[in-house]
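Here is what each chain is made of, one letter per residue.
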Amino acid sequence: MSEYQESVPSRSRRRRRWFEYKSQIPVSWSIFLGISIWAIFFGLWHIANLRGWAPAIILPAPPEVITALYELIVEKGFLYDIWTSVWRVVVGFAAACAVSAPLGVLMGSFKTVEGFFNPLVSAWRYVPAAALIPLLLMWLGTGELVKISILFLGAVWFLITLIMDHTKAVRAELIETALTLGATRKQVLMTVVLPAVSPDIVTSARQMLAASWTYLVIAEITAQTTGIGAMMMRSRRFIHVDEIMAGILVIGLLGLMFDLLFRLVHRLMFSYLEESE
Amino acid sequence: MYSQSDKVMLTVDRVTKEFQLNGDASITALSDMSFSVAKNESCVLLGPSGCGKSTMLRLVAGLEEPTRGAIYLHGTEIIGPGPDRGMIFQTYTSFPWLNVQQNVEYGLRLQGMGKAERAERAAHFIDLVDLTRFRHVFPKALSGGMKQRVAIARTLANEPALLLMDEPFGALDAETRWRMQELLLKVIERSNTTVLLVTHDIHEAIFLADRIVFMTRHPGRVLEDISVAFKREVKFLQKEDILTDPEYGRLDRKIMRMMRREAMVNADD
Chain A
27 MSEYQESVPS
37 RSRRRRRWFE
47 YKSQIPVSWS
57 IFLGISIWAI
67 FFGLWHIANL
77 RGWAPAIILP
87 APPEVITALY
97 ELIVEKGFLY
107 DIWTSVWRVV
117 VGFAAACAVS
127 APLGVLMGSF
137 KTVEGFFNPL
147 VSAWRYVPAA
157 ALIPLLLMWL
167 GTGELVKISI
177 LFLGAVWFLI
187 TLIMDHTKAV
197 RAELIETALT
207 LGATRKQVLM
217 TVVLPAVSPD
227 IVTSARQMLA
237 ASWTYLVIAE
247 ITAQTTGIGA
257 MMMRSRRFIH
267 VDEIMAGILV
277 IGLLGLMFDL
287 LFRLVHRLMF
297 SYLEESE
Chain G
1165 MYSQSDKVML
1175 TVDRVTKEFQ
1185 LNGDASITAL
1195 SDMSFSVAKN
1205 ESCVLLGPSG
1215 CGKSTMLRLV
1225 AGLEEPTRGA
1235 IYLHGTEIIG
1245 PGPDRGMIFQ
1255 TYTSFPWLNV
1265 QQNVEYGLRL
1275 QGMGKAERAE
1285 RAAHFIDLVD
1295 LTRFRHVFPK
1305 ALSGGMKQRV
1315 AIARTLANEP
1325 ALLLMDEPFG
1335 ALDAETRWRM
1345 QELLLKVIER
1355 SNTTVLLVTH
1365 DIHEAIFLAD
1375 RIVFMTRHPG
1385 RVLEDISVAF
1395 KREVKFLQKE
1405 DILTDPEYGR
1415 LDRKIMRMMR
1425 REAMVNADD
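Just so you know, the sequences run in chain order A and G.
Here the first sequence stands for residues 27 to 303, numbered as in this note's numbering.
Here the second sequence stands for residues 1165 to 1433, numbered as in this note's numbering.
The set of hints was computed from the structure by calculation and includes no laboratory data.
Owing to the predicted nature of the structure, the values given are computational and were not obtained by experimental measurement.
Think of the CB as a built atom: it goes at the ideal place given N, C-alpha and C, for glycine as much as any other residue.
Mixed in with the good hints there might be a few duds.
[To be verified] Result set (DSS-like, lysine-lysine): computed pairs, CA atoms no more than 27 Å apart in a straight line:
{"#": "1", "chain 1": "G", "residue 1": "1203", "chain 2": "G", "residue 2": "1403"}
{"#": "2", "chain 1": "G", "residue 1": "1171", "chain 2": "G", "residue 2": "1304"}
{"#": "3", "chain 1": "G", "residue 1": "1304", "chain 2": "A", "residue 2": "48"}
{"#": "4", "chain 1": "G", "residue 1": "1399", "chain 2": "G", "residue 2": "1171"}
{"#": "5", "chain 1": "G", "residue 1": "1399", "chain 2": "G", "residue 2": "1418"}
{"#": "6", "chain 1": "A", "residue 1": "212", "chain 2": "G", "residue 2": "1279"}
{"#": "7", "chain 1": "G", "residue 1": "1203", "chain 2": "G", "residue 2": "1350"}
{"#": "8", "chain 1": "A", "residue 1": "212", "chain 2": "A", "residue 2": "194"}
{"#": "9", "chain 1": "A", "residue 1": "194", "chain 2": "G", "residue 2": "1304"}
[Claimed, not checked] Covered stretches of chain A (chain G as the covering partner; in silico rule of three or more C-beta atoms under 8 Å from a C-beta of chain G):
{"#": "10", "stretch": "190–200"}
{"#": "11", "stretch": "211–223"}
Model the full structure from these sequences, guided by the hints.
Structure (structure tokens):
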């Protein structure tokens, strides 16, 4: 924020502490700490397996899970399941965004739009999308539409509310400035409100995407046909715990990938928010 | 002081503003307030906090509606915000997604002005506020004073009839503040702008104003219309030069006493 740079002494006489309030840590520390937690996680898991704390059939070792994943991909066409799941998430979530972004922005901008839609939206937010599965199965069968509908219904109400709240938080002075510079109401919406709230829309979408994966797996487990969730339910029948765990691993990795993707998009689209030029 | 001639630009005519509170209660922010601003004049609304001076400015901007009375610009009643009355706020209002140049061009783009003409006009006003070196920088990287200079350039590029400023330097540190005051004087001088500025800083008011409209509080009304006539003979472009003028000291004391009296009268709140 400041024009002036804080001067940094070449050699700090202060001792580096592990626990320092609100202080930055070097990148190398972050990497080390990030790897450590996973090393401990897999280490404990492996030890549990070696020591026989649980029967091997319900708790396979990490390498077995990796092997299972490899076999799933090479021999059992698992890539097709992954692709199916990713496709469902992308379509269902994109539909939710396409509805909630314009609606949320309009509701956050105009009390009349909020007054009309909000009673419906806030009620639906309290209905878990999973509770609609029996109904959707009856109405839509077991095809793609039912999974995409569950995904859509699981995300859309929360997204609308989040985007509405972010839109309300757009500073009144920005809008008033535009008005005194000659902007019409429509121009204010397009040239002030929308660009001001866009970074928050992308962040809201990133956060809600995690929830979408939950609904995807619920949908796939219930209406078992294809997809990662369905594969896991198939494996359960044959007590292939390593395959179930491989499925969990893949879902985790995909979630992480999508999260990174969203962060990247955010950084590229809104580079003006970065500290340095 | 000013006769009803074509020199008068803004006329505030017996304006009362009440705000509805919860239920039937209402609070009177401004009561029966009248004053006028002449063309090319710098008029400062000064008064203790809570005197409704910011409300007055918002009424002139058209961002609020008077409960009673009316405000006229060039004889036409103000019924809403418009580019003829550009407003600068105390909080920073640079659009973060636009760089300095794009921010200054914003109002011109709304008018549908061509790209080349827009860029030329913006360049002129960016130069006027000494930001040429930073024209491609985004607001995030600018200091508070620079953001306010962007706001000034952006508003002036629109060539408003009246420049409205609501404690524009209130959020700045002391040094940046006097430098901005000097810059504003220079800008007003060069662009022949009519200014209506709100402040609670007596020194700022005397340094910037041709005329000070002193307001009482609860409810706000005009207590005295003070002419800063001594500045007509000598132009003070540097703040330290005005400090030694005996008239400055006299005015400073007079307004300080008025401020104190206001505070005493309303000591109950």
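Exercise for review: Mind checking the alpha carbons of residue 1304(G) and residue 48(A) for me, to see if they're no more than 27 Å apart?
Suggested key: holds (22 Å)
Review point. If you draw a straight line from the CA of residue 1399(G) to the CA of residue 1418(G), is it 27 Å or shorter?
Key: Judged against 27 Å, a Cα distance of about 22 Å means the pair holds.
Review point. Do at least three Cβ atoms from the stretch 190–200 of chain A come closer than 8 Å to Cβ atoms of chain G?
Key: holds (count 3)
**Study point:** Restraint status (C-alpha distance of residue 212(A) to residue 1279(G) at most 27 Å)
**Key:** Distance of about 22 Å is within 27 Å: holds.
Check your understanding: Within a Cα-Cα threshold of 27 Å, do residue 212(A) and residue 194(A) meet the stated pairing?
Key -> Roughly 16 Å separates the two Cα atoms, so the pair holds.
Check your understanding: residue 1203(G) and residue 1350(G): Cα distance at most 27 Å?
Key -> holds (17 Å)
Point to revise | Cβ contact check, 8 Å cutoff: the stretch 211–223 of chain A against chain G, three residues minimum | key: holds (count 5)
Practice item. Measure nothing beyond the straight line between the CA atoms of residue 194(A) and residue 1304(G); if it is 27 Å or shorter, mark the hint as holding. Key: This hinted pair holds, its Cα atoms lying about 22 Å apart.
Exercise for review: Below or equal to 27 Å on CA atoms is what counts here, so check residue 1399(G) against residue 1171(G).
Suggested key: With a Cα-Cα distance of about 22 Å, the restraint between residue 1399(G) and residue 1171(G) holds, given a limit of 27 Å.
**Study point:** 27 Å Cα cutoff - pair residue 1171(G), residue 1304(G)
**Key:** violated (41 Å)
Check your understanding: Are the Cα positions of residue 1203(G) and residue 1403(G) separated by 27 Å at most?
Key -> The given pair, whose Cα atoms are some 24 Å apart, holds under the 27 Å limit.
The structure shown violates just one earlier hint, number 2.
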